[in-house]
Structure formats: C-alpha cells, structure tokens
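*Asks:* All chains should be built: construct the whole structure from the sequences, respecting the hints.
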Amino acid sequence: MSDRFSPSRPARPRWSYARAQQRLAPYLFTSPFFILFLVFSLFPLGFSLFLAFHLWNPLDGLGNWRFVGWENFALALGARDQFWVALKNTVWIGLLSGVPQHLVALPLAFVIHQFLRRWQTGVSTVLFLPYITNAVAITIVFGMLYSENLGLLNYLLAQLGLGPVRWLAVPELVPYSVGAVVFWRYVGWNVILYLSGLQAISEDVYEAATVDGASAWQKFWFITLPLLRPMMFYAFTLTIVGNMQLFEEPFIMVGQGGGSGGAGLTSAMHIFNTAFRDLDMGYASAMSWLLFLAIFALSMVNNYLFSRDGGREP
Amino acid sequence: MTSKPLRAAVPAPSPRTPRRAWRSPGRILMGLFVALACFLSVVPFYLMFVWATLPSDQIFAVPPHLWFGSAIAENFGKMMDATDGFALRQFWNSLYIALLATATTLFFCSLAGFAFAMYDFRGKRAMFTFILLTMLIPPLVMDIPSFLVMNNVLQWIGKPRTLWVPGMANAFGIFLMRQYIMAALPRTLIEAARLDGATEFGIFTRVVLPLIRPILATLGVVTFVGSWNNFKGALIMKLSEDPTMTLPLSLRRITGGATNVNADWGATLMMVVLTVIPLLVIFLFASRQVISGLTSGAVKD
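Note that the protein sequences, when read in sequence, are chains Z and A.
Numbered according to this note's numbering, the first sequence spans residues 1 to 314.
Numbered according to this note's numbering, the second sequence spans residues 1 to 301.
Nothing false has been slipped in among the hints.
Restricting the straight-line Cα-Cα distance to at most 25 Å, the calculated cross-link-like pairs of lysine to any residue (SDA-like) are: (1) A:Lys238 <-> A:Asn151; (2) Z:Lys88 <-> Z:Asn303; (3) A:Lys124 <-> Z:Phe43; (4) A:Lys232 <-> Z:Ser260; (5) A:Lys238 <-> Z:Ala135; (6) A:Lys124 <-> Z:Phe34; (7) A:Lys238 <-> A:Ile137; (8) A:Lys232 <-> A:Arg161; (9) A:Lys232 <-> Z:Phe296; (10) A:Lys232 <-> Z:Phe47; (11) A:Lys124 <-> Z:Gln22; (12) Z:Lys219 <-> Z:Phe236.
To be clear, the hints were calculated from the coordinates, so they are not data collected in a lab.
*Replies:* Laid out in structure tokens, this is it:
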C-alpha cells in the first residue's frame with residue numbers, strides 16, 4: 001500500500017462501495033437491452049440466415065435440416081413463384097396508399113398550421129385517431145363498408161344511379177380497396193409529423209416573406225417545402241418501411257391467400273404463409289432476407305433523392 | 001428536442017391574420033378541406049358504435065340505419081355465445097399482456113436512457129450507436145427467427161410472455177428516454193443526490209423517475225397501444241386457443257374474415273367496440289402528451 005507513504009493523499013480507501021457502484025451502474029442499467037437483443041434478436045437472426053440456406057420443417061426438430069445452398073433464393077427469384085407477384089402487389093398497394101398520404105397530409109398540416117392555430121390541438125387529435133386504432137377491428141368495419149350488396153359504399157353509389165362495385169372481389173380493385181384503408185389509417189400520423197416540422201420553422205422567415213409581399217402559395221412553395229425536407233425524408237422513410245411490411249389489413253380484408261386472383265397477397269403475407277402454413281422455414285427465411293434487401297434498397301433510393309440537390313438542413 | 005409541443009402553439013391567435021380574411025373563398029375552401037378530413041377520420045368510429053347497438057338483421061338494412069339502436073345487451077350475449085363465454089377472458093388476456101409490456105418497457109428503457117444520458121463510461125458511444133442501428137432491422141425479418149427461438153429453443157409457444165418479454169428493453173424507447181432526460185435533467189441534480197448519499201439505483205427511482213413523467217406517459221401509451229394491437233405476433237406465437245387467446249385473434253375468428261357473409265354481425269361489432277374502447281379511453285386521457293412527445297424527439301437530435 002503506497003498510500004501509507006504519501007500523506008498528502010486523502011485518507012480514503014482505494015476501493016469503496018460508492019465508487020464501485022457508480023462505475024458499474026451504467027453497464028448494469030444498459031445490460032437488459034443487450035441481453036434481450038442477444039437472446040431474442042441476434043441469435044435468432046443468425047439462425048434465420050443459417051436456415052435461408054437449408055431446407056427445414058420445424059416439426060422435424062433441431063438438427064434435421066438439409067443444406068441446399070442458394071436454392072431457396074433461386075426458387076424465390078425464379079419467375080414461377082409467387083415471390084414476384086407478392087412483391088409487385090406490395091409495392092403497388094404501397095404506392096396507392098403512400099403517395100396520396102403525403103399529398104394530402106402535407107397541405108393539410110400546412111393549412112392547419114397557417115390558418116387554424118386555435119383549433120390545432122383538437123384537429124390533430126381527431127386526425128390522429130385512426131392511427132391508434134386496432135387494425136383488425138377497423139379493417140372489419142371497412143370490410144362491411146365495402147360489402148357488395150349491402151355495404152354503405154355501394155348504397156351511396158346506388159343513390160347516384162351507379163351499379164354496385166365489387167370492391168373486394170375484382171382483382172384489379174383489391175389494391176385500391178386495401179390501399180384506401182392504409183391511407184385512412186396513416187394520414188393523421190403524417191399530419192402530426194409535418195405539423196411538428198412546421199413548428200420548428202422560425203416565424204421570422206415567414207414574416208420577412210410577408211413583408212416582401214409573398215403570397216400564401218409562394219410561402220408554401222419557396223419556404224415551407226425546402227425547410228421541411230428533413231421531416232419529409234423521415235416521413236417518407238417510415239411510409240416506405242411500413243408499407244413494404246403490410247400484413248394485417250389485406251390479411252383480414254381479403255383473407256390469408258390474398259383473395260381472388262391473389263391480388264391482395266403482400267410479401268409479408270406470402271412469407272407468413274410459407275413459414276407458418278406450409279412450414280417451409282428455410283424458403284421463408286430466404287424470402288424475408290430478400291424483402292429486407294428490397295426495403296433497404298428503397299430506403300437508399302429515398303435517401304439518395306433527398307440528399308441530391310442542396311437540402312442540407314440542420 | 002427542438003420542436004415545441006403542439007400545445008405551445010395554441011394560445012395566441014396570430015396577429016397577422018385579419019378577421020375579415022375568414023370570408024375569402026380560399027379560406028373557406030381550406031376550412032372545408034380540414035373539416036372533411038376530420039369527418040372522414042371519425043366516420044368509421046361512429047359507424048362501429050352505431051352498428052354495435054343494432055340488431056344483426058338491421059346492420060345491413062337498406063336504407064342503412066345511421067342512428068343508435070337498442071340491441072346492446074342482445075349483441076353482448078351473442079358475442080359471449082360466439083366465443084364460448086371467453087370474450088371477457090380474451091379482453092383480460094390482451095389487457096394484462098399490454099400492461100406487463102408497458103410496465104417493463106417503461107422501467108428498462110428509462111433505466112438505459114438514464115445511463116446513456118447521465119453517465120460517462122467506456123464504450124458508451126459504440127453501445128448507443130449499436131442500439132440505434134438495431135432500429136434498422138424491419139420487424140418482419142424478426143418474425144420467423146423469433147418464432148424459431150420460442151418454438152425450438154425456449155418452448156414458449158402459446159404462452160403470453162412471448163408477446164411482452166422480447167420487447168421489454170427496445171431501441172426506440174431507450175432513444176426516446178435518453179433524448180428527454182438529456183434535455184430535461186441537469187447533471188448537477190444527479191451529483192447533488194450522490195453527495196446526499198443516494199445509490200445510483202436510488203437516484204434513478206427517487207430522483208429521475210418522478211421527473212420524467214411526461215415522457216413516461218408518451219412511451220407508456222405507445223407501448224400499450226402497440227401491444228394491445230399486436231395481431232401478427234399473437235398469430236405467430238399461437239395465442240390462438242382459449243384460454244390464452246388474445247382479443248384481436250378472437251375478433252378474426254368470430255368473423256372468419258371480413259368477407260364472410262354468414263358471420264353474426266351484431267356479435268362481431270360488439271367485439272370490435274370491445275377492442276377499440278381501451279384505445280379510445282387511453283387516447284382521450286393522453287393524446288396531447290403522446291402527440292407532442294412522439295414528435296419532439298422524432299427527427300432532430
């Protein structure tokens with residue numbers, strides 16, 4: 001103990017409980033995440049990657065798998081399979097619901113922010129309501145609205161003298177019918193995102209523009225849109241990532257198989273069916289990794305489009 | 001935390017908006033646009049409540065009934081019959097899973113968020129970056145692997161804990177908590193508590209937790225709603241048999257898909273309402289908190 005020979009040092013013990021627990025605390029406090037991640041994410045992810053190169057039915061038990069190399073991936077990418085059909089459906093439904101979402105949410109947020117401040121809290125609460133609803137419950141309600149002979153939608157059409165539309169039975173219409181529900185659920189969420197983005201824009205900019213005689217339209221086009229870029233990037237990313245994983249709405253609305261013509265079969269449903277109905281875990285794993293790559297690629301495209309010309313906002 | 005909560009923007013009507021401007025056609029058009037959006041947001045809710053009070057044969061009547069009926073008790077009875085009396089049990093299953101998920105998530109995420117916000121320790125940056133990176137994994141990719149772990153390793157399939165244990169400490173919650181604690185709590189507060197002889201965990205429970213109630217409310221509601229609405233997870237983990245069945249799965253079973261014409265719609269709509277009510281109640285209490293809390297730390301760091 002060198003302390004004994006240096007009387008200038010405080011007479012504290014080298015090791016104290018107080019200091020030890022101060023040092024250890026952050027590691028202990030953050031460890032639950034890492035333990036859970038190890039058990040429920042990292043190990044499973046590795047397992048799933050392993051399975052993507054194997055043929056395996058989970059009922060056969062661990063160890064009874066057969067190595068097939070890239071065969072699962074080749075099978076998915078081969079033109080005969082539903083992989084491409086499902087991916088096409090997913091992207092199509094995603095576009096049909098996602099593009100209008102932002103085309104409506106952005107002006108809506110702008111109008112609320114500019115002209116309806118007094119009502120802002122109430123309005124945004126009402127618009128946010130669809131977002132928190134249970135997908136199964138609300139999809140059933142929409143399914144009833146779409147009902148062929150007795151649904152409210154066709155009743156209203158009949159009042160206008162238009163024949164009944166088979167919303168969920170005509171393959172060409174299914175993506176629109178399903179997309180409308182997805183659109184309805186997430187418009188409010190995007191409005192909230194854009195509203196918070198708008199609030200972050202300084203009033204001074206608008207004031208200066210007003211002094212210069214800018215019209216409301218000019219303010220929107222030359223101030224709001226450019227300054228909202230980071231929020232738009234974030235909102236687009238969430239929409240892309242969410243829509244590519246669309247599952248519950250089509251699953252409830254047109255059934256597990258994707259309905260007539262399989263027009264409502266999304267990639268998530270196809271993977272689900274392969275894994276949990278057909279119990280072909282290796283093939284399903286391979287497809288889920290391919291879908292991950294697709295989501296990643298789309299996010300990168302989005303990222304590229306937003307980082308291109310200028311747009312370097314804090 | 002650069003953007004202000006929505007509430008802050010409410011009180012002062014802008015002095016730059018002259019009163020007569022309300023009469024301009026453009027303004028009226030914009031008002032109608034917003035009103036229509038609000039109307040369309042609410043209509044499906046209104047319809048589900050109306051339908052739940054109508055006798056089954058009137059739900060699809062022509063012309064449609066758009067006002068409340070008196071068949072609540074009748075529809076409730078039918079719902080209980082259609083679920084072999086398990087409807088309330090299923091409600092409870094969903095509720096207790098959601099409550100457990102919420103309690104554990106709040107605890108573990110705020111604990112980790114506190115550590116990342118208030119301590120300096122070796123590996124902190126790397127650990128935090130890693131946590132953020134895990135958010136890039138789409139949940140869909142986890143479906144199969146987590147089933148395999150539950151089924152072949154842990155043998156938890158069919159048990160409620162499959163739904164709340166894996167998410168107890170999640171990246172989103174930790175990020176949200178860290179952002180809030182960094183902005184809201186000064187480090188000197190922690191030092192002061194330390195000088196008073198508090199242990200680190202004691203500081204967390206007695207100093208930090210009471211001070212971060214607003215963000216706890218936000219994460220709490222988000223977690224509760226997410227867990228309550230978890231359909232695919234319950235489907236994969238096979239909580240599809242009584243007595244462990246959760247409400248969304250039961251709802252799907254009772255209709256046999258939304259296109260099934262033979263389903264009993266009175267019973268179905270009663271269960272739809274049962275599924276939505278807790279969400280509405282929670283949201284009415286905390287919507288303002290949730291909306292501002294969610295967006296305040298969402299984008300800008």
